[in-house]
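Q: Residues per chain, in single letters:
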Amino acid sequence: MLFKNRHVISMKDFSREEIDYVLDTAEKLEPVARGEERSRLLDGKIISLLFFEPSTRTRLSFEVATRRLGGQVLNLGSVEASSVMKGENLADTIRVISKYADLIVLRHPLDGSARMAAEFASVPVINGGDGSVHHPTQTFLDLYTIRRESHLEGLKIAMAGDLKYGRTVHSLCHALSLYGAEMTFVSPPELRMPPEIVRDLQKKKIRVKETDSLEEIIGDVEILYMTRVQRERFPDPEEYEKVKNRLRVTGELLKAADPGLKILHPLPRVNEISPEVDSTPHARYFEQAFYGVPIRMALLALAMGVIE
Amino acid sequence: MKEKRDLKIQAIENGTVIDHIKAGEALNVLRILGISSAFRATVSFVMNASGARGKKDVVKIEGKELSVKELNRIALISPKATINIIRDFEVVQKNNVVLPSYVEGVVRCTNSNCISNSSEPIKSKFSVLQSEEEGVSLHCLYCEHVISEEIAENLL
Chain L
1 MLFKNRHVIS MKDFSREEID YVLDTAEKLE PVARGEERSR LLDGKIISLL
51 FFEPSTRTRL SFEVATRRLG GQVLNLGSVE ASSVMKGENL ADTIRVISKY
101 ADLIVLRHPL DGSARMAAEF ASVPVINGGD GSVHHPTQTF LDLYTIRRES
151 HLEGLKIAMA GDLKYGRTVH SLCHALSLYG AEMTFVSPPE LRMPPEIVRD
201 LQKKKIRVKE TDSLEEIIGD VEILYMTRVQ RERFPDPEEY EKVKNRLRVT
251 GELLKAADPG LKILHPLPRV NEISPEVDST PHARYFEQAF YGVPIRMALL
301 ALAMGVIE
Chain Z
1 MKEKRDLKIQ AIENGTVIDH IKAGEALNVL RILGISSAFR ATVSFVMNAS
51 GARGKKDVVK IEGKELSVKE LNRIALISPK ATINIIRDFE VVQKNNVVLP
101 SYVEGVVRCT NSNCISNSSE PIKSKFSVLQ SEEEGVSLHC LYCEHVISEE
151 IAENLL
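Keeping their order, the protein sequence lines are chains L and Z. Numbered according to this note's numbering, the first sequence spans residues 1 to 308. Numbered according to this note's numbering, the second sequence spans residues 1 to 156.
Just so you know, the hints here were simulated from the structure itself, not pulled from any lab data. One or more of the hints may lead you astray.
[Unchecked claim] Pairwise CB distance ranges, derived in the manner of DEER restraints:
{"hint": "1", "chain 1": "L", "residue 1": "N245", "chain 2": "Z", "residue 2": "S36", "range": "22 to 30 Å"}
{"hint": "2", "chain 1": "Z", "residue 1": "S119", "chain 2": "L", "residue 2": "Q72", "range": "28 to 36 Å"}
{"hint": "3", "chain 1": "L", "residue 1": "V270", "chain 2": "Z", "residue 2": "K69", "range": "46 to 54 Å"}
{"hint": "4", "chain 1": "Z", "residue 1": "E104", "chain 2": "L", "residue 2": "E287", "range": "40 to 48 Å"}
[To be verified] Quick list of in silico lysine-lysine cross-link-like pairs, DSS-like style, CA-CA up to 30 Å:
{"hint": "5", "chain 1": "Z", "residue 1": "K80", "chain 2": "L", "residue 2": "K203"}
{"hint": "6", "chain 1": "Z", "residue 1": "K22", "chain 2": "Z", "residue 2": "K80"}
{"hint": "7", "chain 1": "Z", "residue 1": "K22", "chain 2": "L", "residue 2": "K164"}
{"hint": "8", "chain 1": "Z", "residue 1": "K22", "chain 2": "L", "residue 2": "K12"}
{"hint": "9", "chain 1": "L", "residue 1": "K99", "chain 2": "Z", "residue 2": "K55"}
{"hint": "10", "chain 1": "L", "residue 1": "K4", "chain 2": "Z", "residue 2": "K80"}
Idealized CB from N, CA, C, for every residue including glycine.
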């Protein structure tokens, strides 16, 4: 499977076979990610982390992934101190960094910026999140977590919280549709999954159900994917106050859950998962955060062509 | 009356006649073709003319044959338009517009956060899809935003 020099921009660019290949590669690299084995796969390679907005977890996990594979990291540093403040456009920045590094990881606030960067780069670009649309490495790690902690084929999954603005659930829906998942969307009416996504899934013959009650579905799903209701999305703070605690996973709620239920969350969480849940076998969100490392190792190694 | 109507849509010697444009869309057709005050050829148009199939617009460009690729962009806003290439007062070629599968630099992405609306040195790029239920829709190749209803309003 040809991944060398390939950009990683959107989940929609990947077939099911290609996704499986990335997940298989991550699984092989997991002992290295845990520090149990050493690797020099990226020896002599420089990975540039161009983060135009803060994202500590994503940046750190790329940094750990690079270092665990023996590569070096080139950080942009703060945007305030960079050429961006002198008015340089992103296209020029990308052209210049392409001359310094062997691969670019880009995080940028504008939608489609990674796609544009790929047009100007002479090295592979991995999208570390652009605007509110794409965050493919998050989706890869979500899929990897689901596969490691449960199963992908014919999965019964509920996604809950802010389904309207949450980009992680949008691309996860697309990816899971390739595996014939059965999806339940749980949200307050104000934060429902965009209808075009629901229609698209229905066209693909995916079974979709929508509700506003976690109690109604908790006994009937294998994965519960919680998301944060984002305060910054609400122009009216009162509206946020009304919905912020509407969906909450508690020990009480979990009494009705299947013993095998796994709870995921892209983190950070606020109130949507009670701390008492953390010590239950259902809680897999911190392990999910770790799985970002082998996934990013796999994507780096494949795009650099050091694993084929 | 008939003579007056004939004057409005009188034949040209050489050039391109775009006929059966959806009524009221002639100005947008000119924008799609990039026809502005700097354009040197003679251009005339009729809006809301009576035709056999109801009201229509007609655009005539004298002394210039536009490429099929340029003309097919018109299908974005007027899928039933026809293109006549005129030489020596004769129609030498008559085609229906064909919806292009891709357009670049023609329409602005309506997502204000899209990179194509920033000062980067790029043009907007869309793949074009048509379905019976939703008509023509443009899919931004940068941010994946879909434009289906306000295409004419967002012409560049």
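Q: All hints, please: hold or fail.
A: A quick look at each hint next to the structure:
{"no.": "1", "hint": "L:N245 to Z:S36: 22 to 30 Å", "in the structure": "violated (56 Å)"}
{"no.": "2", "hint": "Z:S119 to L:Q72: 28 to 36 Å", "in the structure": "holds (32 Å)"}
{"no.": "3", "hint": "L:V270 to Z:K69: 46 to 54 Å", "in the structure": "holds (52 Å)"}
{"no.": "4", "hint": "Z:E104 to L:E287: 40 to 48 Å", "in the structure": "holds (45 Å)"}
{"no.": "5", "hint": "Z:K80 to L:K203", "in the structure": "holds (29 Å)"}
{"no.": "6", "hint": "Z:K22 to Z:K80", "in the structure": "holds (7 Å)"}
{"no.": "7", "hint": "Z:K22 to L:K164", "in the structure": "violated (36 Å)"}
{"no.": "8", "hint": "Z:K22 to L:K12", "in the structure": "violated (35 Å)"}
{"no.": "9", "hint": "L:K99 to Z:K55", "in the structure": "violated (58 Å)"}
{"no.": "10", "hint": "L:K4 to Z:K80", "in the structure": "violated (45 Å)"}
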